[in-house]
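Starting from the known structure of chain A, arrange chain B on it as the hints suggest.
There are 2 protein chains.
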Amino acid sequence: MRNIKITIQYDGTRYRGWQRLKNDSNTIQGKIESVLSRMAEENVEIIGSGRTDAGAHAYGQVANFKTNSSMDIHEIKKYLYTYLPEDILVIDVQEMEKDFHARYNVVSKTYVYKIWNDTLHNPFLRKYAEHVPQRLNIDQMKKAAAILTGTHDFTSYCSSKSKKKSNVRTIYSIDIHREGPLLEITLRANGFLYNMVRIITGTLLEVGCGNINPKDVGKILQHKKRALAGPTISPKGLYLVEVEY
Amino acid sequence: MRNIKITIQYDGTRYRGWQRLKNDSNTIQGKIESVLSRMAEENVEIIGSGRTDAGAHAYGQVANFKTNSSMDIHEIKKYLYTYLPEDILVIDVQEMEKDFHARYNVVSKTYVYKIWNDTLHNPFLRKYAEHVPQRLNIDQMKKAAAILTGTHDFTSYCSSKSKKKSNVRTIYSIDIHREGPLLEITLRANGFLYNMVRIITGTLLEVGCGNINPKDVGKILQHKKRALAGPTISPKGLYLVEVEY
Numbered sequence: 001m002r003n004i005k006i007t008i009q010y011d012g013t014r015y016r017g018w019q020r021l022k023n024d025s026n027t028i029q030g031k032i033e034s035v036l037s038r039m040a041e042e043n044v045e046i047i048g049s050g051r052t053d054a055g056a057h058a059y060g061q062v063a064n065f066k067t068n069s070s071m072d073i074h075e076i077k078k079y080l081y082t083y084l085p086e087d088i089l090v091i092d093v094q095e096m097e098k099d100f101h102a103r104y105n106v107v108s109k110t111y112v113y114k115i116w117n118d119t120l121h122n123p124f125l126r127k128y129a130e131h132v133p134q135r136l137n138i139d140q141m142k143k144a145a146a147i148l149t150g151t152h153d154f155t156s157y158c159s160s161k162s163k164k165k166s167n168v169r170t171i172y173s174i175d176i177h178r179e180g181p182l183l184e185i186t187l188r189a190n191g192f193l194y195n196m197v198r199i200i201t202g203t204l205l206e207v208g209c210g211n212i213n214p215k216d217v218g219k220i221l222q223h224k225k226r227a228l229a230g231p232t233i234s235p236k237g238l239y240l241v242e243v244e245y
Numbered sequence: 001m002r003n004i005k006i007t008i009q010y011d012g013t014r015y016r017g018w019q020r021l022k023n024d025s026n027t028i029q030g031k032i033e034s035v036l037s038r039m040a041e042e043n044v045e046i047i048g049s050g051r052t053d054a055g056a057h058a059y060g061q062v063a064n065f066k067t068n069s070s071m072d073i074h075e076i077k078k079y080l081y082t083y084l085p086e087d088i089l090v091i092d093v094q095e096m097e098k099d100f101h102a103r104y105n106v107v108s109k110t111y112v113y114k115i116w117n118d119t120l121h122n123p124f125l126r127k128y129a130e131h132v133p134q135r136l137n138i139d140q141m142k143k144a145a146a147i148l149t150g151t152h153d154f155t156s157y158c159s160s161k162s163k164k165k166s167n168v169r170t171i172y173s174i175d176i177h178r179e180g181p182l183l184e185i186t187l188r189a190n191g192f193l194y195n196m197v198r199i200i201t202g203t204l205l206e207v208g209c210g211n212i213n214p215k216d217v218g219k220i221l222q223h224k225k226r227a228l229a230g231p232t233i234s235p236k237g238l239y240l241v242e243v244e245y
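Chains as they are written, first to last, in full-length UniProt numbering: chain A, 1 to 245; chain B, 1 to 245.
Bound conformation, chain A alone:
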C-alpha cells in the first residue's frame, strides 16, 4: 500500500476539533477521511500529528494515510480541493516511505497564539484571536517566557487530564511579537502536552497583567501542580503552524 502525507490548513471555528468522534461527523479528521474514502473507494483512516482542540485552527497540520488508490498526488490534491469544505484546505500532498508516521515521527511543532490587545475588541478577529483589553507588560512576559524555555517537567502547565507517561518536554523558543494591537506568541517545542499552549499563554497573560511575577513562573514549574498556573485560555486564538519531521 502507498503511504501519503498531507499538510492541512483549517479554520476550526465550525468543528469539534481534529479528532474523529463516534457520534459526531463534525471534526476535521472526520471530514477529510470521508472525502478520502469516497475518492479511494475504500475505507481510509488518517493519522494526524496530534489533536487540535474544538475551535482551534491550523496553518500546517500534518497527517498520513495508507491507500491502494492509483491516483497520482496531483489528482489527490485536486480531488481534496474540490470536495473538502471551504474551511479545510489541503495545501500539500506527498508520497512517503512506507514507515512514515505523522505522529511518531514528529521532531518539533510550532504553535502561535494570537491576542487582540486593545481597549475595544476587533469584530473581524472575534473567532481568530483572544481579546485582552488590559495593558500588558511585554518585557515581564518575555522574562517569564525565557524561564519556561528549555527542558522541564510541564505538569503544572498542562491539563490534569493529560495521560502521558512523562510530562517532560523541551521548548526551543517562545517568541512574543507585537504589531500594533496584535500580539503573537509563537512556541516551538519537541512536543506539547494537552492544553499546554493554552495554559502557558494564559499564564504569560497573567504575568503581563501583573497578577503573576515572572519569577513565580519557575516556581510553578517546580511544584508540578496545574492549579498554580494561569487559566486555560480560549482555543480561538490558537493555530498549529508547522510540524517538523
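Treat the hints with care, as some may be off.
Claimed, not checked - With a straight-line Cα cutoff of 25 Å, these simulated DSS-like cross-link-like pairs (lysine-lysine) come out:
1. B:LYS127 / A:LYS77
2. B:LYS127 / A:LYS78
3. A:LYS22 / A:LYS164
4. B:LYS77 / A:LYS127
5. B:LYS31 / A:LYS114
6. B:LYS224 / A:LYS127
7. A:LYS127 / B:LYS127
8. A:LYS127 / B:LYS114
9. B:LYS78 / A:LYS127
10. A:LYS66 / A:LYS77
11. A:LYS31 / B:LYS77
12. B:LYS77 / A:LYS164
Unchecked claim - Residues of chain B placed beyond 10 Å of chain A at every Cβ, according to the derived structure:
13. ASP11
14. GLU33
15. THR67
16. GLU86
17. ASP87
18. ASP99
19. HIS121
20. THR149
21. LEU193
Don't read these hints as lab results, they were simulated from the structure. Being a predicted model, the structure only gives us computed values, none of them experimental. Beta carbons: idealized from backbone N, C-alpha and C, even for Gly.
Just chain B, lined up with the frame of chain A:
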C-alpha cells in the same frame, strides 16, 4: 435635541446589509437602532453615510441620530459596546452641531476591496476576500485604474438599478497594493454609485486576467452602457474604510 455622530466597524457576513428592512431585523442599521432606542427610551432612527451591501464590511461607517437622552458620549459608547453583537462595534461617538447630516455632508469616501490572489484559496479569508486563482498583470490593472481616476460619468460602472440624477463622480485615487497573495484595491471618491466599487473591481480583474484591454476601460466609460464593463464582484471582499466630512 442633541445630534450624535457614531463611527462603526462591522463584519457584514451575517447581515442583510446596512439598511433597515421592514420585515427583517437582520441589518446593521436595524441592530444599532434597536439598541439605541432601548438606551434612549425613545424611538431612535439613524442616518448612515450610505448603504453597504449584504455581506460587505466596514472599518469606519458613519451615522448620526437625534436624541433627547442625557447620557454623555462615554456612557453612550459603553452602552453600545455592551449591547451590540460582537460583529458590530461603535469605535467613536461624538456630539455634533444640530445641522450635521451623515449622508448630505459627505465630502469623500474610501473603500478597499480585498482579493486573495493565489492558486489555492485561504480558509481564513473565505468571507473576507474574493479568491482569484488566475495570475494578474498588476501593471495593466494600474493603467486601467489611472484611466478611471478623475471626473467621469460612471453609468457603465454602476448598477442599472442606480436612480441618481447624475452618474458623474470624481475618483481621487485608485491604489493597487500587493503584499504576498493579498491584493488590496483602495478607491477614494467624492461619492460612489450603486455597486460602483464592485463593478470597477470586477473590471480591473478582467484587465488583470487579460480579458479587457486597459484602453477599453476608457471606451467603456464613454459608451455609458453597464453591460460593457466587467462583472459585479462578490460583496465579501468589500470594506467601507472611511467617510470624510
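Results of checking the hints against the structure:
Of the pairs offered as hints, the one joining LYS127 (chain B) and LYS77 (chain A) holds, with about 23 Å between alpha carbons and a cut-off of 25 Å not exceeded. The straight-line distance between the Cα atoms of LYS127 (chain B) and LYS78 (chain A) is roughly 22 Å, inside the 25 Å bound, and the hint therefore holds. Proximity of LYS22 (chain A) to LYS164 (chain A) is assessed by CA-CA distance (about 23 Å); at most 25 Å being required, the pair is judged to hold. With a C-alpha separation of about 23 Å, the suggested pairing of LYS77 (chain B) with LYS127 (chain A) holds against the 25 Å cut-off.
About 29 Å separates the Cα atoms of LYS31 (chain B) and LYS114 (chain A), which puts this hinted pair outside 25 Å; it is violated. The straight-line distance between the Cα atoms of LYS224 (chain B) and LYS127 (chain A) is roughly 43 Å, outside the 25 Å bound, and the hint therefore fails. Distance check on the hinted pair: LYS127 (chain A) and LYS127 (chain B) sit about 13 Å apart at the alpha-carbon level, within 25 Å; holds. Note on LYS127 (chain A) and LYS114 (chain B): the hinted pairing holds, with a Cα-Cα distance of about 20 Å set against a maximum of 25 Å.
Between LYS78 (chain B) and LYS127 (chain A) the alpha-carbon distance is near 22 Å, which keeps this suggested pair within the 25 Å criterion. A threshold of 25 Å between alpha carbons decides the hint, and for LYS66 (chain A) with LYS77 (chain A) the separation of about 15 Å falls inside it, so the pair holds. Between LYS31 (chain A) and LYS77 (chain B), the direct Cα distance comes to roughly 43 Å. Violation of the 25 Å bound is thereby established for this hinted pair. At roughly 49 Å between alpha-carbon atoms, LYS77 (chain B) and LYS164 (chain A) are farther apart than 25 Å, so this suggested pair is violated.
Taking the minimum C-beta to C-beta distance to chain A, about 5 Å, the non-interface status of ASP11 (chain B) is violated against the 10 Å cut. Residue placement check: GLU33 (chain B) keeps its beta carbon more than 10 Å from all beta carbons of chain A (closest about 18 Å). Chain A leaves THR67 (chain B) outside its interface by the beta-carbon criterion, the shortest separation being 22 Å against a cut-off of 10 Å. Against chain A, the non-interface label of GLU86 (chain B) is violated: not every CB pair exceeds 10 Å, the least being about 5 Å.
A Cβ of chain A approaches the Cβ of ASP87 (chain B) within 10 Å, the least distance being about 5 Å, so the stated non-interface status is violated. Listed as outside the interface, ASP99 (chain B) is consistent with that label: its C-beta sits roughly 29 Å from the nearest C-beta of chain A, beyond the 10 Å cut-off. For HIS121 (chain B), the requirement that its beta carbon stay farther than 10 Å from each beta carbon of chain A is not met, with the minimum near 7 Å. With a least beta-carbon separation of about 29 Å from chain A, THR149 (chain B) lies farther than 10 Å from that chain, consistent with its non-interface assignment.
For LEU193 (chain B), the non-interface assignment is confirmed: its Cβ lies about 27 Å from the closest Cβ of chain A, beyond the 10 Å cut-off.
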